[in-house]
Every structure is written in structure tokens, then in C-alpha cells.
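Engineer: One-letter residues, chain by chain:
4 protein chains.
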Amino acid sequence: MADVRVGIVGAGFMGETHAEALRRTRGARLVAVAEPDAARREELARAHGVERTHGAAAELFADGGVDLVVIAAPNALHAPLAEEALRAGKHTLVEKPLALTLAETRRLKAAARESGRRLAFGENLVFAPKLVRLRELARDAEALGTVYHQRHVFQTCGPEGGWWLDPAAVGGGALVDLGCHAVETCRWLAGRPEARAVTARVRTVDAARFGPLDDFAVLWIEYADGSTAQCEVSWLRPGGEEVTAEVFGTRGLLRADLWKGMGLSAFTETRFASVWEPSSGWVHPEWDWIWNSGYPGSTQNVVDAILEGTDVEETVDEWEAVLEILLAAYLSAAEDRRVELPLDAPPEALPLELWRAPSAEDR
Amino acid sequence: MADVRVGIVGAGFMGETHAEALRRTRGARLVAVAEPDAARREELARAHGVERTHGAAAELFADGGVDLVVIAAPNALHAPLAEEALRAGKHTLVEKPLALTLAETRRLKAAARESGRRLAFGENLVFAPKLVRLRELARDAEALGTVYHQRHVFQTCGPEGGWWLDPAAVGGGALVDLGCHAVETCRWLAGRPEARAVTARVRTVDAARFGPLDDFAVLWIEYADGSTAQCEVSWLRPGGEEVTAEVFGTRGLLRADLWKGMGLSAFTETRFASVWEPSSGWVHPEWDWIWNSGYPGSTQNVVDAILEGTDVEETVDEWEAVLEILLAAYLSAAEDRRVELPLDAPPEALPLELWRAPSAEDR
Amino acid sequence: MADVRVGIVGAGFMGETHAEALRRTRGARLVAVAEPDAARREELARAHGVERTHGAAAELFADGGVDLVVIAAPNALHAPLAEEALRAGKHTLVEKPLALTLAETRRLKAAARESGRRLAFGENLVFAPKLVRLRELARDAEALGTVYHQRHVFQTCGPEGGWWLDPAAVGGGALVDLGCHAVETCRWLAGRPEARAVTARVRTVDAARFGPLDDFAVLWIEYADGSTAQCEVSWLRPGGEEVTAEVFGTRGLLRADLWKGMGLSAFTETRFASVWEPSSGWVHPEWDWIWNSGYPGSTQNVVDAILEGTDVEETVDEWEAVLEILLAAYLSAAEDRRVELPLDAPPEALPLELWRAPSAEDR
Amino acid sequence: MADVRVGIVGAGFMGETHAEALRRTRGARLVAVAEPDAARREELARAHGVERTHGAAAELFADGGVDLVVIAAPNALHAPLAEEALRAGKHTLVEKPLALTLAETRRLKAAARESGRRLAFGENLVFAPKLVRLRELARDAEALGTVYHQRHVFQTCGPEGGWWLDPAAVGGGALVDLGCHAVETCRWLAGRPEARAVTARVRTVDAARFGPLDDFAVLWIEYADGSTAQCEVSWLRPGGEEVTAEVFGTRGLLRADLWKGMGLSAFTETRFASVWEPSSGWVHPEWDWIWNSGYPGSTQNVVDAILEGTDVEETVDEWEAVLEILLAAYLSAAEDRRVELPLDAPPEALPLELWRAPSAEDR
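Chains as they are written, first to last, in this note's numbering: chain A, 8 to 370; chain B, 8 to 370; chain C, 8 to 370; chain D, 8 to 370.
Derived EDC-like pairs (lysine to aspartate or glutamate); straight-line CA-CA distance at most 16 angstroms: (1) A/267 / B/295; (2) C/267 / D/295; (3) A/116 / B/320; (4) A/267 / A/248; (5) D/116 / C/327; (6) D/116 / C/325; (7) C/267 / C/253; (8) D/116 / C/320; (9) D/116 / C/318; (10) B/267 / A/284; (11) B/116 / A/327; (12) B/267 / A/295; (13) A/116 / A/91.
Listed below are several chain D residues computed to face chain C (Cβ distance under 10 angstroms; list not exhaustive): (14) 33; (15) 103; (16) 124; (17) 135; (18) 178; (19) 207; (20) 248; (21) 302; (22) 303; (23) 312; (24) 328; (25) 338; (26) 354.
DEER-style ranges, computed between Cβ atoms: (27) D/315 / C/277: 33 to 41 angstroms; (28) A/174 / D/315: 51 to 59 angstroms; (29) C/174 / B/30: 54 to 62 angstroms; (30) C/46 / D/232: 39 to 47 angstroms; (31) D/143 / B/278: 38 to 46 angstroms; (32) D/146 / C/198: 41 to 49 angstroms; (33) D/315 / C/54: 28 to 36 angstroms; (34) A/324 / D/146: 48 to 56 angstroms; (35) B/360 / D/317: 53 to 61 angstroms; (36) C/353 / A/353: 34 to 42 angstroms; (37) C/198 / D/198: 46 to 54 angstroms.
Note that these hints are calculated values from the structure, not bench results.
Computed from a prediction, not measured in an experiment: that's the story for all the values here.
Think of the CB as a built atom: it goes at the ideal place given N, C-alpha and C, for glycine as much as any other residue.
Kindly generate the complete structure, drawing on both the sequences and the hints.
Structural biologist: So this is what it looks like as C-alpha cells:
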């Protein structure tokens, strides 16, 4: 099947992030970018080998060689541009927030239905590998018992300026910017139950920087299944971004920290079915261990070397150096001394034989 | 350019791991597997859509439709099989240890040179994304000053049995099994300096399980550049695998924990050029943040939906649910009450307007 | 000045805890205990060398040899017993909650005023050494900027039974039991500002165990100084008690975990005046470092040995053993070999001289 | 029994530390200080209410009103001063290192024996509450199985100058300064087995600051019981002092971090007898929980208030403020609204009754 041809609208920070994400997406090819700022537009095009560049989004929507449009423009333009792209027959992926009012949202629903095209909004956290693993663990009813509560924190140091601080362009403050991440992540983790009530406190603490936008909010959400969720968002956090998710069950609990410890920890009174040893009590679940161990990188390195005619990273010469050190280590242990390298008379024996030599027998 | 066609020798745990890694390698296609155990062989072939299966490695080496061979057999077979594969004209990737003696290693060097084919050994840790980031940080001389020492720990609960406990098949104990990871990782992190001396202590603590193999070792390596490295390996560690790397500089230090906290932490008296805010003092460096944030997963989901005709994960209906919660939150805050959902009269205003309504003016 | 003579009412878990605390209180002497259960009463008396035991609190209140009464009875008895003790002329320390209604509280205020005696309630957390240090850091306006929010978590696995689950005896659920800790701790940390409004969500998740008592609650408190506080309490937490306090300022933040990591961490964009190096960015403030380092224990051991005629822990023989190891270490490093103990010819030189011997000159 | 009267020799950092420790030692009274520097001497005397000050140690040794001498002078003076103090009939506590040569050590042994006085050296870490708890856990053979190894790290940023960098006064570098802590701590944790062999690597990395003193060392100690210990010391560590102790058993392991996380963590395949729930798998053992909870501080506050005629910290007025917040919280939850304080009509009901009022019945 042919690759999906993608055009990005907006070459700012998020446009660049989506371009990078597309580079790592099987079956996708970035072919066009639209951005009014010529310098940014050309820089993104150059960095990603994009064939066609446009000054206006409308030109990109008219481009017959584009199947999927990614919209990474200021918030207030998300819904109008998405509607235009759908009506032009494009599949459309929109940075969050997808739309700023319910009326806009309903127009998008109609446009998507009528166009027969895919419409998605960019809630990246539900694809974050660590949170994907968290959801798998959250569904282990044996380990967690009944899940009755979640807590989500998304706190940053806030936007520096630009349209992010223009109320008309951004639509809301930390609650819109970060709250939609937190709300959707907890809906998705909980299996998307219906929400029945919300109680919230919202503040503007740093009015000098953010007024009239809100910069600090706490939400308490009640779901139809009787469970609750708490979302805490802020633009006031120094010391680096804080993104955490906690799931509370009657028999266990889960905690993921996306950035600081980059960790995943969990407790169960019983046993997690999908966690390696130890799987009971406090555990440290891995996630995507094959990727985290570097195996795809290792095979990629060899495949690239073959395709590009270069050498591999881990050659037999490197092994020789490693093996000499291991042999020296066994010798050092066997003979209770420091062993200098290179070895004068490189032993042909197995490492084990060096250590188990007669002189070391009484060990 | 045509894909690289890959054959795997060995369908045990590591054979399966390499098959999974190949699935995530651009430009590679797994086409054949060789394994004497028919059940394992067919299971791996089925799971990965492998076309051709062989009972013997020699048959796979004779397969003209294979460009690259991955060897995942017992340790003692690594070098003989690799030599055979090279002599059959195959590029070859070998699970560690690449060879158990220096003589074997030299034969492989000759075979690789004469064949003109790539020969790599599978040191996956030098491709582990977190350690790749660690190396980038380790090279920040402004932040670290002079790096004078490293410390590497690789400790597991040890092999359960099989050929892993057969001295002839395995070649050595924890020092061979885990030590080659630790030694190569610290060579690579240090920029592969020449080793000048080794002092080691090696023990067999649990002789009932592991004798005559070693199960606990500490190595002290001295490099030509004056820096040192310490490697600690063990088959005796309960509570889950421990893989950590520490880099000590005169002005800063780095620490990566591959599994437990899955974290990366660093300190500098000056400033890390590649770390986001905060970049001085104790910092929490991210690694591969685009992948960890889920962006490739997000675009992949949309591309797959287009190619396969399915729906996306984050639809406009999901957004509608999120937006209703955000609007309810602003309303709750503005009116100091719990707001029930669904909203009776969905507001068409921007979220911010709800909160900044006259009734909330004195906030 | 003569010691304060103390009587405890209640010999359950908290009675025992207070007895132990008194043992570590300068100027206090536990002389009496009142407890209806004879076995518990005698056990506490025996364990703490208490002279006089009583079956009824009234007998203890009538005891002229008691200056201070500590009340550790079921919640509903706290206020009535405290009032009785004050009217009997005793200073009174009461386990939390001090009283279950505002009417009771006002009667106690009158009783304390009329008696001229001290009345205290046992909010131990404001004396917890780590939180005392947290408050000191919270007042570092240079480091934190304006403190605009606090977050307090106090979550346990809940009471097992007894009067703790009897609504009439206990007065409330997790919100009374743990909420009063959280509320008072954050008032104290904030410098006791006046509270202006409260928004709360309260649940009974595990009605089978706790109904009709609440077992999960979140409070949002608004203070007159514009700052806010969030308190989260629960009787549903498996995996061990969670007690944390977080303080959020515009330039920095603080976090204390009372039990799990037993840690204190803080961040500032500027500098903490009272934190040792490093004092900027993310820091790890010590607290009561002299106690945590063991110095009082060390001097206590020597003083006890003198007073009791026993030997000290760290004798000169122990030093000899340590010094031999240090000397052997320098020798080992100087001569690049393992050194066996005891040393054949114990060197009389300084450690440094061994290492700096001619043979090691080129090091 | 009368208090032990103590005199301190040396009013530098460690003299001050010992004075503070003595303040927290039952049965001890600091009565004299000897220090050649008049300003330091008078400052310490003033801060601790010391009656008698001396310019020379000999004057203090001649002081008949001193029972115990604490020596906190430069390293090279420790043994000579201790011998003089013992010969003057004083009990003697000496800062580490107790003596710099084996000859000095043997003279001290003789002096102690002949004087009949106590001689102790100040290894404070074996009294550090967290390590005391670690040792208790280390002896839980059911939980740990056979303990076969320990690892101790003591790393600082090194001394700034003064006699600490004078080879004749200090006797050795990091290995003497920090190594004696690490060596004695692991001897004590292991039950003081006999050492049979030492292998060590010692370096001077920062010769400009520390040469000819060593600043980095690793020791490998072999004990008669077959277990081993690793000590790692350094004067080169930026980012704050690192003091950790790890104990490795065949069924479990322990880790204490004295400063950074100030934590204690442990793992067992079975169960720790002395750890609260959870007691299996990975656990977070508390230590000295009564002190860490603040109970002694709480009772001390009341006793001091009585003795000094001041008021207590936690008065009934504070309770009233807390209770109002709790009542408001129950009201807020029952009526689904924000509740303003002070309450207009303070309810006389129990907290629980507010929440369980008819209006909240369907909750």
C-alpha cells in the first residue's frame, strides 16, 4: 500500500515536533508545509526534506498530493482550519485543543461525518509508552481491586509570550492548555466512563504575567461508574515540567512520573500478571523493554551499515578489547594481583579456565 | 533500496527478542529462521510471519534469499556459527559474547576481513536510548569537567538452568554473561580509550546453584587516559534486575538507572548545554522526549487508521467530552459550586469567558 | 526546677506512644496511668516504671502527685475528660481530635481559661523534625518567592476495628482522623492565616468496611492572605502510610515525604540561605543533621558507659582493626596486589607514607 | 547519679558539633573547653553556657571538675592528647581517626588499660538512627538469607584547606578521612568479623588541590566468615555529600542513603519481622518513628511551657480553627458548594452528622 502523504500547517515548535514524529511513523511521508513565516517554513522544509512549501494553509489544502493534514497553528485557528481541511477532502490531525467552543466542535463533527475523512486531535499522552503500560496495569483487576480514583498533575513554568498570552488566540489559560491533557488522559485510563459532575477551583496567581488567563486549577471529576478523578494543572511550576498519573485501587495503586524520575511504580496486595519478578508488593514495572534495552537500535545499526556500506558500531575489534579485559579480570582474581594490558601472552583458554587454574584451587 | 533480508539462528528467548527488534527496524525484513526444536521454530515463524524455516543453521547459511544472519544460539556456538555464516557470504550479527577465546576472536577477524561482510556483536546497551543520552551528557566537558571515573552495575537473579549453567557451553559465569555488557558500555561511554590494567575480585557465592561458574565480580579498569572504571556484576540479586551507569567528573556527575527508577539524574557546578530548564545543579535530563511523549504513536495511529480504514483513537467525540469537562470546570470555579454533566444549556462562549463572567468579577 | 509529673489516661497504642515520647522529654517524669483494662494498664506501668496505676481517669485526676495529664482515650471522651482534668487543676495534653463539636471546644476554652492551666492538643506533626525544617525553608522568601499554595496528603490503610469504626465514639471518618493532621499542618506551615472558604469532596468508597464513616476526602482551603491549600486524606491506601507536604512558591517549591523516601527535596531559582552545598536549583536539605549523623548517640554511649561502668562501643581495639585495614589498603594500592591480614610486619609509618613509598612513585 | 562533667578540646567545627551532641545527651553536662584561639573558645563557651575555658589542653586535663574529655583537635594530635588525658585520669572520647599509626594505637591501648578509664573514638555513624535500623534489618536472617557482601560509599567535596591539607597533620587523604567511617560501619554492620585480606585502588585525581594526599579510593575487604565488603571514598564529589550503605543477602537486600533521599529501602523474597505493612518484597522501613513523628517534641513543648510559664504551641484556639475547617468541609461535601468561613451559624452537630444530613442522603 502506498505511503500516506502528509502536509503540516504551522512550522513553529509543535510543527517541528510533528515533523519529527512523522519521521518515526511507518507508512507516512512528509511532503508539504504551510507557514506564513518564510524563514521558519524553509528551515522545517530543509530539515525534513519537504518537497513543497506554501505561505497559506489554503494552498496546502488545495494540494492534491496531500492525504493527511497536521494542524499546528495557534489555538483559535484549530477548528476553522480543521473544518477547511476536511471540506477539502483531507484526513486531519489537529494539535490540542481541537476546538474552543462546543459550537465549533459540533461543526467539526458534521464536517468529519460529511467528508468521510479521519479527524483526530493530538492527545499525545495516550500514546506515551509509559502511560500505555500504566493503562495495561490499571486494567489488572486482580492486582488493583476496584479502581476508585485517579490523580493527574500537569504543571509547567507557563508560556513565555506570543499568542499563548493573547486571550482571543489561546481561549483559556492553564486549564485549557494543560487541563485537556489531564482530562483526556484520565478518561482514557479509566476506559472513558461518562462524566457526571465537576467541581473546580481556578486561580490567577501571577496576574502580572498571565492575567486575565488562569494559571492554576484543580478539577474534581465524578464519573457515572462511581469513580472520581482529580486534575491539577499549573503554569507556575519552577524546576522543570511535572507530569504524573496516579491510579488508586482498593488492593493496589500505580504511579507514573513522565519526566522527573521517568519512573513507574506500583503496589499490589496480590500480584500483577504482567510484571516481571518481583510482581507482588511494591514493584517497578518496565515498559517497552525491548526499545528501552536498545535492541531495535542495535539491529537498525547493522541494517543501516549494510544498506549504506558503512561499518557497524560493535565490530569484532571491539569484542577483542572487551574479551581481553574479561580474561585479565579472571586472571587478576585468580592470581590476586593487578594485571596489565595488553596481555603479554594472550591465553587461549576459556575465561573460566583461567580463574579455575590450579593456583586458584583453594578459593 | 531493497530491504535487508534477515535470517535468525536460534528461536529461544533471545531469538524472539531479535525478531521483535527487527519488526521495529526500518529497511529490514525477517524471512527465515533456523532452530532444531520444531515447536519453537514454528512458533517464532508464525508470530513474525517468517516465510522459511530450517532445522539446521547450515541450511539457513545456504539460503540465497538471506542477506543478514542473526545468531542467537548458546554461547559456545557463537564464534563457530558466525565464522560459518561469514564464509557463506552473510552479514552477521551475533548475540554477546561474540567469542569465548582470543583465538576464536582472531579467526573471526580474518573471516570478516576475507568475506567483506559486516560482523557485529549484539551489545544492545550502547543503543539503549537512555544511555545514548547519558553519553551525550558525558561529553559535555563544560558541565562535567574532567571525567575521571565510571561505575557500572549489572546484576540479575541469574540463569535458571539449561546450557547457561553448563561451563562448556557458557564459557564463564556472571563475569562473562554480564561483565561484557558492563565493560563495553563503559568503554563506549568513555570514547573507547585503551585499557592498561585490570584488578578484579571474583567469587562464587552460591556454589550450590552456580558452581563452578562465578556469580559475583568487581572489576577495576585503568585506561591510558588516566581515567578508571569499576564494573560490578552479579547473578545473586533478588528484587529485579539492576542496571546502572554513573559517570564522575570534577565538576559534575551523571547517573542512569535502566530499570528501577528508569531515571536519569545529573549534577553540574556549571551548566549542561543540552538539558532543558533547570540546566544547572541537580537536573533531570529527558531522553528521546518525542518518543517518550507519544508523538510518533499519535501520528502512527492516524496513519494506520487511514491505511487500514479504521477510526482514530482521539476522535472529535472524545474532544467534545473533554471540552464539556473543561467548560464545567470554569463554570464550577466561577459559580463556586459543583456542576453536573451533561450541561443543561451548553455554553457557546470561550472557556475563559465563563470564568470571567460578571458574577466572578471580584475574584 | 522540679520535673513535671505526668499521668496518662489510656494505655492503648497512643498511650504507649506518649509514654515513649515522655521517656525522651527533658524535665518530664511519667508517674501514673489510668486505664480500665487491667492487663494493658499493668503492662504499660511495667514497661515504663510507672509508680501508680488507676482503673478510672477520675482517680488519676484526684492524684495530687500529677501535674500534667495526657489523654489518650477514644475520640468522644477527649473533650469531657480534658474538661474534667482542667477543672481538677491539671495541665492537659489531649490526643487529636481535641473535641468533636464547636460547643465542646468552647467549653474547653472556658475551662482552660478558668483553671489557669495549659491545654494542648497532640498535633505531633508540627514537631516532626523534617516538617520543622520544611517550615524553616518555607519561610525563606528569597528562595521561594510568594508561597501561593500547599498540598498535604495523609493516607493510611484505615483502622482495623474497635471504637474507631463506631460513629458515636469516633465522630467522623478519615476526614476527622487524618484531616485534622493535614489541616493543622498546613495552617502551621503557612503561619496560621485565617481561613476564608472551604470546598470539599468526601466519599465513602469502601462502605462494607467503613460505612457510614467517610474514607476518602479532598479539601480546598482559601486563606485570607490569598493563598490556598489542598488536603487529601484516605483510609484506603495500601502499600504503607503516605504522609507528604508540598509548598509551592513563585520561585521555588518544597516537598517532604515523611515515610516512604523519608526525604526532603526543594527547588529554587535563587538560593536557599540555610541549605548546604548545593543551595540552588534542586537541593536535598538535611534536617537535624547532628541527630541524623548519630552524634548524640555517640556521646550518650560514652556517658552511659561511664555512669553504668560498662565499656564503650567504639574501643581502641576497634580502631586498631580499622587502622590495619586502612594501612593494608594503602599497601595494596602501592604494591598493586591483594594484602593479607593480619599484617606480618605491621608498619609504623603514616598511612600516606606507605602509599607514597618509592615503589609507587610513578603513580 | 551525678551528671558526667565534660570538657571539650578544640572549638572548631567538630568541637561545636560535639557540644551540640552533648546538649542532647542525658546525664552529661559540658563544663569546660580548651582551645588556643580565644575568639572561637569564647564563642563556644557562650553558646553552650560553658563555665570554664582554657587556652591549653593540659589545663583542661588538670581540671578536677572534668570527668570526660572530648578531643576535637587536628588528626595528628588525637593520639598524643588522648594519651595525656587518660594519664590524667580522664575518660576520653576522640574524634576519628583515633590514631595514625599502629604504634600510637598500641600506646593508647596501654594507657587506657592502665588508667582504668573509658577510651572511645567518635565513629558517629554506628549510632546514626537510620544505620542502627539498617543493622537490625541486616540481622533478620529469615528476610535476607546469607549476607555475602556490603557496599559503603562516603564521598564529599573534600576539605577546603587548613590542616586538612597538611600531610603531617592529617595523616592521609580521603582514605583516612572517610575510609575509617566506611570501614568501621561495615565491620559493625557485619557483626565485626575478622578481616583476612584487602585489595585496594587509590588515586590522586585532583593533584592541584589535594596532592600528595589521595582523593579517591576503592577497598575490597575479605572477612573470615567468607563475606566481603566494598568501600568507596572520595573527596571529589560535587552535588552534596553521598553516604550510602548496602547489604546484599541471598534472599534480600538493604539500602540506606544517609542524606540525599534520607531513605531506607529493602527487598526480601520472604518477610521482614520488624517492618510494618508491607513487610515483603520491596519495603520502606521506618526508623525511630516516634522521633520522626514528632511525639517527643510535642510532649517537650508542653513540659517546657509548664516549667517556663509560657503557652503551648497547639492551643484550644488552634483546635477551634481546625474544627471549623473540618465542619465546613463536611458541609461543602454535603451541599455540593464552597462554604465560606467563619460559619454564620456554627453547627453543634458532630462532623459526620453534617455530611450525613438528609439532603446528602442519596450520596
